[in-house]
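Protein chains: 2
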Amino acid sequence: MKISMDVFKENRNRLCDRLSNNPEVPRGAIVLLQGGESETRYCSDHEPLFRQESYFHWLFGVEEPDFYGAIEVDSRKTILFPPKLPDSYAVWMGRLLSAEDFRHRYDVDEVYFADSIKDILTGRTPSVLLTLYGKNTDSGKYSKEAVFPGIGSFNLNNTILHPEISECRVFKSDKELEILRYVNKISSDAHKANLTYFACSAFSIFKNYCQFMGGMRAMSYTCICARHEEGSMIVITPFIKVVMVLKTGNNSMELQEFVTSNGKFTPEQRQVYQAVYDASRAVLAACRAGVSWMDMHKLAEKVELEALKTMGLVQGNVDAMMEARLGAVFMPHGLGHFMGIDTHDVGGYPEVTERPTEAGLRSLRTVRILQPRMVITVEPGLYFIDTLLDAALQNPVQSQFLVREVIDRFRGVGGVRIEDDIVVNEEGIELLTCVPRTVEEIEKVMADAKKSHGSLPQFTSKQ
Amino acid sequence: MKISMDVFKENRNRLCDRLSNNPEVPRGAIVLLQGGESETRYCSDHEPLFRQESYFHWLFGVEEPDFYGAIEVDSRKTILFPPKLPDSYAVWMGRLLSAEDFRHRYDVDEVYFADSIKDILTGRTPSVLLTLYGKNTDSGKYSKEAVFPGIGSFNLNNTILHPEISECRVFKSDKELEILRYVNKISSDAHKANLTYFACSAFSIFKNYCQFMGGMRAMSYTCICARHEEGSMIVITPFIKVVMVLKTGNNSMELQEFVTSNGKFTPEQRQVYQAVYDASRAVLAACRAGVSWMDMHKLAEKVELEALKTMGLVQGNVDAMMEARLGAVFMPHGLGHFMGIDTHDVGGYPEVTERPTEAGLRSLRTVRILQPRMVITVEPGLYFIDTLLDAALQNPVQSQFLVREVIDRFRGVGGVRIEDDIVVNEEGIELLTCVPRTVEEIEKVMADAKKSHGSLPQFTSKQ
Numbered sequence: 001m002k003i004s005m006d007v008f009k010e011n012r013n014r015l016c017d018r019l020s021n022n023p024e025v026p027r028g029a030i031v032l033l034q035g036g037e038s039e040t041r042y043c044s045d046h047e048p049l050f051r052q053e054s055y056f057h058w059l060f061g062v063e064e065p066d067f068y069g070a071i072e073v074d075s076r077k078t079i080l081f082p083p084k085l086p087d088s089y090a091v092w093m094g095r096l097l098s099a100e101d102f103r104h105r106y107d108v109d110e111v112y113f114a115d116s117i118k119d120i121l122t123g124r125t126p127s128v129l130l131t132l133y134g135k136n137t138d139s140g141k142y143s144k145e146a147v148f149p150g151i152g153s154f155n156l157n158n159t160i161l162h163p164e165i166s167e168c169r170v171f172k173s174d175k176e177l178e179i180l181r182y183v184n185k186i187s188s189d190a191h192k193a194n195l196t197y198f199a200c201s202a203f204s205i206f207k208n209y210c211q212f213m214g215g216m217r218a219m220s221y222t223c224i225c226a227r228h229e230e231g232s233m234i235v236i237t238p239f240i241k242v243v244m245v246l247k248t249g250n251n252s253m254e255l256q257e258f259v260t261s262n263g264k265f266t267p268e269q270r271q272v273y274q275a276v277y278d279a280s281r282a283v284l285a286a287c288r289a290g291v292s293w294m295d296m297h298k299l300a301e302k303v304e305l306e307a308l309k310t311m312g313l314v315q316g317n318v319d320a321m322m323e324a325r326l327g328a329v330f331m332p333h334g335l336g337h338f339m340g341i342d343t344h345d346v347g348g349y350p351e352v353t354e355r356p357t358e359a360g361l362r363s364l365r366t367v368r369i370l371q372p373r374m375v376i377t378v379e380p381g382l383y384f385i386d387t388l389l390d391a392a393l394q395n396p397v398q399s400q401f402l403v404r405e406v407i408d409r410f411r412g413v414g415g416v417r418i419e420d421d422i423v424v425n426e427e428g429i430e431l432l433t434c435v436p437r438t439v440e441e442i443e444k445v446m447a448d449a450k451k452s453h454g455s456l457p458q459f460t461s462k463q
Numbered sequence: 001m002k003i004s005m006d007v008f009k010e011n012r013n014r015l016c017d018r019l020s021n022n023p024e025v026p027r028g029a030i031v032l033l034q035g036g037e038s039e040t041r042y043c044s045d046h047e048p049l050f051r052q053e054s055y056f057h058w059l060f061g062v063e064e065p066d067f068y069g070a071i072e073v074d075s076r077k078t079i080l081f082p083p084k085l086p087d088s089y090a091v092w093m094g095r096l097l098s099a100e101d102f103r104h105r106y107d108v109d110e111v112y113f114a115d116s117i118k119d120i121l122t123g124r125t126p127s128v129l130l131t132l133y134g135k136n137t138d139s140g141k142y143s144k145e146a147v148f149p150g151i152g153s154f155n156l157n158n159t160i161l162h163p164e165i166s167e168c169r170v171f172k173s174d175k176e177l178e179i180l181r182y183v184n185k186i187s188s189d190a191h192k193a194n195l196t197y198f199a200c201s202a203f204s205i206f207k208n209y210c211q212f213m214g215g216m217r218a219m220s221y222t223c224i225c226a227r228h229e230e231g232s233m234i235v236i237t238p239f240i241k242v243v244m245v246l247k248t249g250n251n252s253m254e255l256q257e258f259v260t261s262n263g264k265f266t267p268e269q270r271q272v273y274q275a276v277y278d279a280s281r282a283v284l285a286a287c288r289a290g291v292s293w294m295d296m297h298k299l300a301e302k303v304e305l306e307a308l309k310t311m312g313l314v315q316g317n318v319d320a321m322m323e324a325r326l327g328a329v330f331m332p333h334g335l336g337h338f339m340g341i342d343t344h345d346v347g348g349y350p351e352v353t354e355r356p357t358e359a360g361l362r363s364l365r366t367v368r369i370l371q372p373r374m375v376i377t378v379e380p381g382l383y384f385i386d387t388l389l390d391a392a393l394q395n396p397v398q399s400q401f402l403v404r405e406v407i408d409r410f411r412g413v414g415g416v417r418i419e420d421d422i423v424v425n426e427e428g429i430e431l432l433t434c435v436p437r438t439v440e441e442i443e444k445v446m447a448d449a450k451k452s453h454g455s456l457p458q459f460t461s462k463q
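These protein sequence lines are chains A and B, in that order.
Per the UniProt record's numbering, residue 1 is the first one in the first sequence, and the count goes up by one each step.
Per the UniProt record's numbering, residue 1 is the first one in the second sequence, and the count goes up by one each step.
Hints listed in this document are in silico derivations from the structure and should not be mistaken for laboratory results.
Don't take every hint at face value.
Put simply, identical chains are the same to the list, so a pair is met inside one copy or across any two.
Stated by the list, open to error - In silico EDC-like pairs for lysine to aspartate or glutamate, Cα to Cα no more than 16 Å straight-line: (1) K2 to D119; (2) K141 to E39; (3) K141 to E47; (4) K302 to D278; (5) K2 to E441; (6) K185 to D295; (7) K77 to D448; (8) K264 to D6; (9) K2 to E63; (10) K77 to E10; (11) K141 to E351; (12) K302 to D119; (13) K77 to D295; (14) K84 to E323; (15) K135 to E72.
Construct the complete structure from the given sequences, taking the supplied hints into account.
In structure tokens, the structure reads:
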């Protein structure tokens with residue numbers, strides 16, 4: 001899939017539309033961003049594969065480091081400032097690209113090398129330079145504001161741009177949706193391709209499939225292989241997820257998955273899986289524009305608690321359990337997150353929105369009302385985590401609902417998470433993920449593989 | 001391949017041996033390093049796959065971020081200080097490892113969490129803390145010295161450690177050589193596995209092979225796909241290398257390679273390839289302990305100039321060409337570099353050594369006398385780079401040797417580089433790389449692939 005520069009031109013227009021309607025933005029304003037910078041690993045000369053900063057990528061589509069980009073809000077005229085490389089680099093890189101080459105490659109109005117940025121911008125006599133500074137609500141970190149020698153001579157504003165551009169990124173254009181559909185198709189197919197492989201061999205095959213078939217050189221996040229216990233045998237296949245030994249916290253869970261090594265669910269695994277599957281399908285059926293994401297989270301919790309009641313792990317009134325936040329004991333994370341250039345895409349909490357404080361709900365990466373063109377993951381989970389179960393059994397309000405003997409039987413069964421990626425529209429959703437999902441579908445794929453391989457392939461390589 | 005912690009224990013002992021023999025090191029000294037720190041990509045919460053800082057890895061084998069490590073030089077007692085994680089992380093990561101768990105995992109004498117580092121070290125009453133600070137001669141960057149709150153109350157020395165540990169890393173132990181043999185075997189096999197694929201599909205297959213068959217999750221450097229011209233058709237297979245459009249400078253050349261798309265060399269390509277092959281084999285035959293690396297570089301230049309003379313590109317006396325540094329016009333890089341944890345491993349220029357200033361020679365990453373247990377790449381190359389040829393044609397001394405008409409015919413043929421990795425020993429070398437090398441071997445592999453595929457597979461995916 002070749003990505004047209006029109007994607008980014010349209011994004012710039014969408015941003016300028018918003019800025020033009022913002023009474024705080026005077027005429028003559030210029031948006032100024034600095035792209036990601038080249039770096040080496042520690043003190044060595046190893047240069048990791050460059051990944052562009054996401055806001056810069058969203059606006060300009062530039063793939064190389066050390067650029068600046070500017071947009072005149074009134075005229076929408078776009079200027080790129082690539083780094084001026086020494087002539088001697090031509091020995092190693094071939095002919096160095098000219099300003100005109102870059103103008104053509106990125107389809108912008110003007111290009112000047114970065115060593116002239118002060119002079120060029122001065123010549124445009126901007127009323128204000130709008131720079132990017134604001135907090136990422138998933139990481140708590142702040143975006144790096146553009147700087148260049150002499151920037152102090154301009155009138156600067158770093159508060160207007162961040163919320164406007166973040167809001168733009170929440171709503172996907174038709175062109176962006178095409179890209180996300182493609183990405184989902186390839187990664188769904190990659191899941192299918194490695195369904196019958198175990199552990200990190202699966203990760204290797206997954207990466208290879210995405211690059212070989214989809215041309216994707218980099219993954220948006222590092223695959224995580226889950227294990228039942230640190231150091232124990234890894235049992236893993238796609239489509240069913242465990243949260244057991246997560247190395248990097250909760251930002252990379254989408255790929256951990258498990259199934260028994262013989263290709264069949266145990267009765268307990270089947271019950272747990274079915275509960276999560278039912279929760280995910282209830283949410284998919286209910287999602288549409290106008291619906292509250294927090295309500296969707298609670299819907300998933302409720303379906304799971306009802307299943308747990310049928311399974312005998314909890315007892316009593318489900319609404320009362322909800323009141324006691326029992327759902328968060330079994331699903332301690334939020335239902336999903338915005339998707340886009342970043343795994344956890346921006347815009348979950350615009351500045352006016354407050355985070356919930358209750359257990360489970362405070363983990364939500366957004367509590368917004370769903371609107372058309374939002375792309376979000378639906379990923380309910382169900383886990384039996386000692387730390388949380390033990391605390392709940394000692395909590396006088398929560399413990400009255402818990403049936404200790406049955407719960408103890410499920411410790412060690414493993415957790416399950418099912419993720420689907422969706423686009424919200426007025427009437428409902430478009431489901432982007434397309435993989436075997438039901439217990440029957442998964443067991444059939446495993447059985448077919450067994451038939452053709454003789455047995456399920458196993459590899460002992462570590463990582 | 002499972003890497004034993006004995007590798008690192010032996011490295012610590014080797015370092016302590018050197019430090020104990022250094023009259024500048026008083027009794028009671030403690031070595032203190034800080035490992036790599038966890039990070040996220042820009043302001044997002046995406047955590048890239050962690051890679052340990054190389055010196056820290058060499059001493060302790062620790063795979064997680066945010067550690068400190070200390071070694072009492074006299075007793076060789078080793079202490080690790082892992083980060084103290086909040087108890088709540090157990091929900092996401094499973095049971096958090098205890099100090100005893102880490103002690104067992106890394107086979108060290110003592111483990112305390114990093115929040116107690118000042119107290120623990122104070123209790124040892126070190127005469128001096130030896131911290132790591134020094135320049136990497138490939139990147140020009142300095143290693144990051146260890147810091148922690150309260151370090152100012154210790155007697156510190158940051159000049160002794162860096163040259164000593166760098167020198168240790170130049171000479172590989174038996175255990176390290178075993179690892180390098182394994183790495184070379186897997187990557188040689190991966191080259192063979194993807195010989196018949198083109199461009200970045202080959203990269204994908206290469207990565208997959210290394211991970212799937214070899215358990216290698218990360219590559220030491222980013223694969224580079226070379227093109228004849230920016231944007232033109234990529235023609236590439238392993239074992240033959242071009243330097244045409246290198247994105248990241250000269251630190252990642254080992255994988256760029258080319259051959260004609262029909263699986264056969266053109267007459268010109270064959271001549272160029274054969275010249276480089278002859279140079280590489282002359283060097284391999286000459287290498288042994290006691291030989292000067294600069295002499296090896298000149299030997300490669302000389303063999304190539306003689307071939308160019310036979311091919312009619314240059315004329316006159318080859319020794320006079322050498323004097324005029326004509327070799328650097330056709331091979332502008334150094335003959336090779338130390339290998340180890342880093343692609344360009346440390347120790348090329350100990351502090352007493354001066355860099356050469358002459359063309360070509362100044363690009364050498366080391367000019368040391370070869371000694372047993374050094375591991376180094378032998379990678380002569382031959383290129384026809386407009387920038388360099390045009391300058392040489394205008395240089396009165398160099399131009400007298402150049403035959404313009406023949407040279408012009410070779411512009412665009414593409415360059416070739418052949419890399420082999422070797423271990424130096426007293427009598428000669430151990431060759432670690434094992435792939436088809438001669439023109440005949442390569443054409444045979446291509447022909448066999450054609451037979452089994454019907455035609456050579458081609459893929460159009462970009463990156």
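Consistency of the hints with the structure:
Proximity of K2 and D119 under a CA criterion of 16 Å is satisfied in neither setting, with 35 Å inside one chain copy and 58 Å between copies. Taking the shortest Cα distances, K141 and E39 sit within 16 Å of each other only across copies (11 Å), while inside one copy they are farther apart (19 Å). When the C-alpha separation of K141 and E47 is checked against a cutoff of 16 Å, the pair qualifies only between copies, where the shortest distance is 13 Å, while the shortest distance within a copy is 24 Å. When the C-alpha separation of K302 and D278 is checked against a cutoff of 16 Å, the pair qualifies only within one copy, where the shortest distance is 11 Å, while the shortest distance between copies is 74 Å.
Within a single copy, K2 and E441 get their C-alpha atoms no closer than 33 Å, and across copies no closer than 37 Å, so neither meets the 16 Å cut-off. For a Cα distance limit of 16 Å, the shortest separation of K185 from D295 qualifies neither inside one copy, at 29 Å, nor across copies, at 56 Å. In this assembly of identical chains, the alpha carbons of K77 and D448 never lie at most 16 Å apart, being 57 Å within a copy and 55 Å across copies at closest. Taking CA atoms no more than 16 Å apart as the test, K264 paired with D6 passes in neither setting, with 47 Å inside one copy and 41 Å between copies.
For the identical chains of this complex, K2 and E63 are intra-copy neighbours only, at 14 Å inside a copy versus 37 Å across copies, given an alpha-carbon limit of 16 Å. Taking the closest pair of Cα atoms, K77 and E10 come within 16 Å of each other only inside a single copy of the chain (13 Å); across copies the shortest separation is 62 Å, beyond that limit. In this assembly of identical chains, K141 and E351 lie within 16 Å of each other by CA distance solely inside one copy; the values are 15 Å within and 40 Å between copies. Taking identical chains as interchangeable, the C-alpha atoms of K302 and D119 are never at most 16 Å apart, the minima being 61 Å within one chain and 50 Å between chains.
When the C-alpha separation of K77 and D295 is checked against a cutoff of 16 Å, the pair qualifies neither within a copy, at 43 Å, nor between copies, at 57 Å. Taking identical chains as interchangeable, the C-alpha atoms of K84 and E323 are never at most 16 Å apart, the minima being 61 Å within one chain and 34 Å between chains. In the homo-oligomer, the alpha carbons of K135 and E72 never lie at most 16 Å apart, since the shortest distance is 24 Å inside one protomer and 43 Å across protomers.
Hint check: violations occur at hints 1, 5, 6, 7, 8, 12, 13, 14 and 15; the rest are consistent with the structure.
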